[in-house]
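Put the complex together from the two separate chains, hints included.
One-letter residues, chain by chain:
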Amino acid sequence: MKEHVWNEYEVFERLVSEKRYAELSGDELKLVNQFITNEQEYDAFRMSGLDMKGWFRENPVNGATDKTLSGLKREFKRAHQPHVSIAWWKVSIGYAVAAIVFGLGGWWLGQSEKPTTLTRIEQVLVPDTIYVATKPDTVVREKIIYRDKPVILTTTNPPNETPVTKGVSMKEKEELDKLLVSGTE
Amino acid sequence: MFFKPKLARLPDEELMQKIHQGSEAAFTELYTRYSTSLLRYFTRMLWNNRAMAEDFLHDLFLKIIHNPQQFDVNRKFSTWAYSVAHNMCKNEYRKKQNQRLDGIDIKHSRDLDRELDLSSANEKLTMLLETLEEDDKTVFLLRYEEELSITQISQIVFMPEGTVKSRLFYMRKQLAVELSEFKVVLKEKSI
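First to last, the protein sequences are chains A and B.
Using numbering that gives the first Met the number 0, the first residue of the first sequence is number 0, and each one after it goes up by one.
Using numbering that gives the first Met the number 0, the first residue of the second sequence is number 0, and each one after it goes up by one.
Some hints could be false.
To be verified - Result set (DSSO-like, lysine-lysine): computed pairs, CA atoms no more than 27 Å apart in a straight line: (1) B/LYS75 - B/LYS89; (2) A/LYS89 - B/LYS17; (3) A/LYS76 - B/LYS62; (4) B/LYS62 - B/LYS17.
Please keep in mind that the hints were generated in silico from the structure rather than gathered at the bench.
Just chain B, same shape as in the assembly (with noise of 0.2 Å):
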């Protein structure tokens, strides 16, 4: 569109005042801007469990309609906004740790390699995606799936930048030997 509409054209932290101030429009706009991207997080965090991904949405963008005081208008909105769905997915996993100690196994990627036959990378990556902890699959997503930058996850995650890329370094180094292994079993169950 050569005419952008006027809200389109604000940052998110002028929207953000907006909605404080009762403007359903700038609501609007916000959830259009976010609503993809962090659904996609819920997704992936939620062990791709669309039905509760969409739950959380909702109740992030609830606690935007309710608390918009919570937000500091010095902060970047999308920093802000993926500490809290970072936040609301660590309760969930805290939960769900508990179940696990109340007698689920906790299966490790080797394991499930031995039970699954995987028959393709994709389906090798999206297992080593599951095995990943909390922490690591946030860093993880953040910066390859949703490319924020390093400040911004370390302050989405409160953990100190050298740390977030030394994280994301090994896991790049465990992700290409595991997929590289795979390769060559799958080279090597073809011939």
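Here chain A stands alone, though its shape is the one from the complex (with noise of 0.2 Å):
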């Protein structure tokens, strides 16, 4: 069969599943003739199109169940759910927004107060007042008080090296010969 006929298959299709042969008009039968001989293989083709299209009508294939589309929309919620729990997410979130306003915050405080240059400040006392020279109204009387200081006298000549030799009295005699004769203190 020649390339080009292939083109106006589509025609052919619509033509063999919608007309009889008798039905074609002239240029469609030249159409019709370029893929098939006569007649009868025209009402074969006809007749096997309907064939067909009956036995799809009778052998339906019915839907798929429920539990197909269940078990897909689990799968579903599975696959694009984070693979972290929500608390878990929640706390993460909490402490990034922390950080990023604190961050914010230092570095807007930052910005805004402008850098100051230190003074020293000092206080002096200036006398602003002029006291005019009074009399004293009290009359402190000054009150001598002598007191003992030892002076250390020193000579020019060393002292006398001899033991001192100490004498009884008459009175320390007579204690001791009272004290020999009793034996007892």
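Structure below.
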């Protein structure tokens, strides 16, 4: 079959399914005859097409069960949810937000406060009152207190190195004698 | 409904963007739009094995959940979804092919015809569909059951449009021949 004929195959298909051979116009017959040789062949094509449609109608395939869809939905949820738990997700988001807020706040405060030059403030007392000298109204009497103060007198002569012999008085002698006689103190 | 909810009015591609952003409602809307047609496609492709088809549908939507970024927003969503589905089926066929090579025979329609006592054109059609090659079956189902355009189908199966059209034509021709012959046999049997 020539290649250009295939361009019109869809038209041929449509004619076979819609019209009988006798119903075809001149142009349609011309087109159909590129694919088939006679009326019997056309009828066989047409009948087989009708049988085919009947077969599809009589052998339907029912739709998938709801179980399949519910299983797939579960899988869909699993595939699209994050792997961390919601609580953990919230906490991490909270931390991130707090960090951003503090960071921005610090940056903003640093930006708004302009650097100031340090100045040294000194308090200098400047007398602004003039006192007029007045006579004191209290008379303080001075009292001279004498205190003993040891005075070391130095002599030029060295002290006498001979031991000093101490004598016994009469009274002491008497008492000693008494002791000797009694033998007791 | 006179007032449609907002999501129902959005195109598939925008729903995908919303899914990427985590909208569960958008996901539900997209699922509602495509689950039946994709399940039908999987069921037909996977030898009418409903349980396997549901598993495949589940896996496809999981891909949408986990990798929505894989969807190119410049493409049509339906084309992308069916091309993912087509690749999933292709892998399954490859697995089966290996099993067949390990000892299971491939049966052709005429062999099956002899084994099964088919009593209607419907049964014949079921059998004919089962004997189609994986790519042909996809093209056939997407065109005649899901009613996708030739352009979309060519993007899904990575084939030029001309090839898609010629495949469709020859499949229709074979179907017409087999069904008309079968009907003659049935008529003869009834007489």
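Exercise. Which of the stated hints cannot be reconciled with the structure, identified by number in ascending sequence?
Worked result: none
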